[in-house]
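Student: Line by line, the protein sequences are chains A and B. Going by the numbering used here, 114 is the number at position 114 of the first sequence; the sequence numbering is gapless. Going by the numbering used here, 71 is the number at position 71 of the second sequence; the sequence numbering is gapless.
Don't read these hints as lab results, they were simulated from the structure. Treat the numbers as computed from the prediction; the structure is a model and nothing was measured. All C-beta atoms in this analysis are idealised placements derived from N, C-alpha and C, irrespective of residue type, glycine included. A portion of the hints provided could be inaccurate.
Here are the computed distance ranges between Cβ atoms for each label pair [what the hints assert, rightly or not]:
1. A:Pro39 x B:Ser18: 25 to 35 angstroms
2. A:Lys71 x B:Lys58: 26 to 36 angstroms
3. A:Glu72 x B:Gly16: 21 to 31 angstroms
4. A:Gly97 x B:Pro114: 40 to 50 angstroms
5. B:Lys58 x A:Glu52: 33 to 43 angstroms
6. B:Glu83 x A:Gly3: 19 to 29 angstroms
7. A:Glu68 x B:Pro8: 16 to 26 angstroms
8. A:Pro39 x B:Gln45: 13 to 23 angstroms
9. B:Lys42 x A:Pro96: 15 to 25 angstroms
10. B:Asn53 x A:Glu18: 44 to 54 angstroms
11. A:Lys44 x B:Pro114: 16 to 26 angstroms
12. B:Gly16 x A:Arg64: 44 to 54 angstroms
Residues on chain A that point at chain B, a partial pick, calculated with CB under 7 angstroms [unchecked claim]:
13. Leu38
14. Tyr48
15. Glu52
16. Phe65
17. Pro96
18. Gly97
19. Gln101
20. Phe106
21. Pro108
List time: in silico BS3-like cross-link candidates among lysine-lysine, alpha-carbon distance up to 25 angstroms [to be verified]:
22. B:Lys58 x B:Lys68
23. A:Lys62 x A:Lys44
24. A:Lys44 x B:Lys22
25. A:Lys51 x A:Lys71
26. A:Lys44 x B:Lys71
27. B:Lys71 x B:Lys57
28. B:Lys42 x B:Lys71
29. B:Lys57 x B:Lys22
30. B:Lys22 x A:Lys27
31. B:Lys71 x B:Lys22
32. A:Lys27 x A:Lys62
33. A:Lys27 x B:Lys71
34. B:Lys68 x A:Lys27
So you can see what is in the structure, the chains are spelled out below.
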Amino acid sequence: NAGVMQNPRHLVRRRGQEARLRCSPMKGHSHVYWYRQLPEEGLKFMVYLQKENIIDESGMPKERFSAEFPKEGPSILRIQQVVRGDSAAYFCASSPGQGLQETQYFGPGTRLLVL
Amino acid sequence: GENVEQHPSTLSVQEGDSAVIKCTYSDSASNYFPWYKQELGKRPQLIIDIRSNVGEKKDQRIAVTLNKTAKHFSLHITETQPEDSAVYFCAAPGGGSTLGRLYFGRGTQLTVWP
Numbered sequence: 001n002a003g004v005m006q007n008p009r010h011l012v013r014r015r016g017q018e019a020r021l022r023c024s025p026m027k028g029h030s031h032v033y034w035y036r037q038l039p040e041e042g043l044k045f046m047v048y049l050q051k052e053n054i055i056d057e058s059g060m061p062k063e064r065f066s067a068e069f070p071k072e073g074p075s076i077l078r079i080q081q082v083v084r085g086d087s088a089a090y091f092c093a094s095s096p097g098q099g100l101q102e103t104q105y106f107g108p109g110t111r112l113l114v115l
Numbered sequence: 001g002e003n004v005e006q007h008p009s010t011l012s013v014q015e016g017d018s019a020v021i022k023c024t025y026s027d028s029a030s031n032y033f034p035w036y037k038q039e040l041g042k043r044p045q046l047i048i049d050i051r052s053n054v055g056e057k058k059d060q061r062i063a064v065t066l067n068k069t070a071k072h073f074s075l076h077i078t079e080t081q082p083e084d085s086a087v088y089f090c091a092a093p094g095g096g097s098t099l100g101r102l103y104f105g106r107g108t109q110l111t112v113w114p
């Protein structure tokens, strides 16, 4: 049973470019969460999605950031016009979507570096 | 929203000693408390979790205790080994409109010296 998959694992962008991060949840999981981790800090919630539905995006900056989880395919976190402060590790997690306060399993992360 | 505090931020122990990491939370609606271990450059890995219907849970050398009245929970690692060296994060879920997300502590860097 494959775990949560993320790609790319490393991404380098210049200021002003777009970054697209992809996440495939564990098989059978229908809920996806995105977190950001700055160096030597904990993980900060960004957005919570179900298939074709954003449940909670209150942790995500309103400008330049967007997320989706289409009916088919992976969840995408998109950062437009990246700035140096966007450099971080972005982790995706998934859960079965069968109850409240479920266990979340994390992917390997995408490390974004903005030059 | 939930506020999770974690202490200490760094912890050094000798191999074979015990290590204890403590967390407090603020939202009384939280009833699920996971602990994650993160090695350098790797993903956070769930090592143990506890739900509020129990006060303690044990898995080999790892145990977690929960005090809902005081709103704190702790991770206990016994007979530590060098491979236990990592950053450990506690977390608690939000309630109400923030249900679903996890709030993480800032992490504890555990170093086990051989």
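Student: Decide, hint by hint, whether the structure agrees.
Tutor: Now the hints, each set against the structure:
1. Roughly 29 angstroms separates the CB atoms of Pro39 (chain A) and Ser18 (chain B), a value that falls within the hinted 25 to 35 angstroms.
2. For the hinted restraint 26 to 36 angstroms between Lys71 (chain A) and Lys58 (chain B), the CB-CB distance of approximately 42 angstroms leaves it violated.
3. Judged by the Cβ atoms, the range 21 to 31 angstroms given for Glu72 (chain A) and Gly16 (chain B) is violated: they are separated by roughly 52 angstroms.
4. A C-beta distance of roughly 43 angstroms is found between Gly97 (chain A) and Pro114 (chain B), which places it inside the suggested range of 40 to 50 angstroms.
5. With their beta carbons about 41 angstroms apart, Lys58 (chain B) and Glu52 (chain A) fall inside the hinted range of 33 to 43 angstroms.
6. One distance hint, 19 to 29 angstroms for the beta-carbon pair Glu83 (chain B) and Gly3 (chain A), holds here, with the actual separation near 20 angstroms.
7. For the hinted restraint 16 to 26 angstroms between Glu68 (chain A) and Pro8 (chain B), the CB-CB distance of approximately 40 angstroms leaves it violated.
8. Distance hint check: the CB atoms of Pro39 (chain A) and Gln45 (chain B) are about 19 angstroms apart, consistent with the given range 13 to 23 angstroms.
9. Between Lys42 (chain B) and Pro96 (chain A) the C-beta distance comes to about 23 angstroms, which sits within the given range of 15 to 25 angstroms.
10. Checking the proposed 44 to 54 angstroms range against Asn53 (chain B) and Glu18 (chain A) shows it holds: the Cβ atoms sit about 46 angstroms from each other.
11. Taken as a hint, the range 16 to 26 angstroms is violated for the pair Lys44 (chain A) and Pro114 (chain B), whose Cβ atoms sit roughly 34 angstroms apart.
12. Between Gly16 (chain B) and Arg64 (chain A) the CB atoms are about 50 angstroms apart, so this pair conforms to the stated range of 44 to 54 angstroms.
13. Taking 7 angstroms as the C-beta cut-off, the interface hint given for Leu38 (chain A) is violated, the closest approach to chain B being about 11 angstroms.
14. With a cut of 7 angstroms, the hint placing Tyr48 (chain A) at the interface with chain B holds, because the nearest CB-to-CB distance is about 5 angstroms.
15. The interface hint given for Glu52 (chain A) is violated, since its Cβ lies 16 angstroms from the closest Cβ of chain B, which is over the 7 angstroms cut-off.
16. For Phe65 (chain A), the shortest C-beta to C-beta distance to chain B is roughly 16 angstroms, which exceeds 7 angstroms, and the interface hint is violated.
17. For Pro96 (chain A), the interface hint is violated, the least distance from its beta-carbon to any beta-carbon of chain B being 12 angstroms, above 7 angstroms.
18. With a cut of 7 angstroms, the hint placing Gly97 (chain A) at the interface with chain B is violated, because the nearest CB-to-CB distance is about 10 angstroms.
19. Annotation: interface hint on Gln101 (chain A) holds; nearest CB of chain B at approximately 4 angstroms, less than 7 angstroms.
20. Among the interface hints, the one on Phe106 (chain A) holds; its C-beta lies about 5 angstroms from the nearest C-beta in chain B, closer than the 7 angstroms criterion.
21. A hinted interface residue such as Pro108 (chain A) counts as satisfied when its beta carbon comes closer than 7 angstroms to some beta carbon of chain B; here the least separation is about 5 angstroms, so the hint holds.
22. Restraint check: the Cα-Cα separation between Lys58 (chain B) and Lys68 (chain B) comes to about 18 angstroms, which is no more than 25 angstroms; the hinted pair holds.
23. The straight-line distance between the Cα atoms of Lys62 (chain A) and Lys44 (chain A) is roughly 15 angstroms, inside the 25 angstroms bound, and the hint therefore holds.
24. Between Lys44 (chain A) and Lys22 (chain B), the direct Cα distance comes to roughly 19 angstroms. Compliance with the 25 angstroms bound is thereby established for this hinted pair.
25. Distance hint between Lys51 (chain A) and Lys71 (chain A) is fulfilled; the C-alpha atoms sit about 6 angstroms from each other, no more than 25 angstroms.
26. Between the alpha carbons of Lys44 (chain A) and Lys71 (chain B) the distance comes to roughly 21 angstroms, so the proposed pair stays at or under 25 angstroms and holds.
27. A C-alpha spacing of about 16 angstroms is found between Lys71 (chain B) and Lys57 (chain B), which places the hinted pair at or below 25 angstroms, so the restraint holds.
28. This hinted pair does not check out: Lys42 (chain B) and Lys71 (chain B) have alpha carbons roughly 30 angstroms apart, beyond 25 angstroms.
29. At most 25 angstroms may separate the alpha-carbon atoms for a hinted pair to count; Lys57 (chain B) and Lys22 (chain B) meet this at roughly 15 angstroms.
30. Restraint check for Lys22 (chain B) and Lys27 (chain A): not satisfied, since their Cα atoms lie roughly 33 angstroms apart, outside the 25 angstroms limit.
31. With a C-alpha separation of about 11 angstroms, the suggested pairing of Lys71 (chain B) with Lys22 (chain B) holds against the 25 angstroms cut-off.
32. Distance restraint check for Lys27 (chain A) and Lys62 (chain A): the Cα-Cα separation of roughly 30 angstroms exceeds the 25 angstroms cut-off, and the hinted pair is therefore not satisfied.
33. Of the supplied pair hints, the one linking Lys27 (chain A) and Lys71 (chain B) is violated, its CA atoms being roughly 34 angstroms apart against a limit of 25 angstroms.
34. With a CA separation close to 34 angstroms, the supplied pair Lys68 (chain B) and Lys27 (chain A) exceeds the 25 angstroms bound.
Of the numbered hints given earlier, the model fails hints 2, 3, 7, 11, 13, 15, 16, 17, 18, 28, 30, 32, 33 and 34; all others are met.
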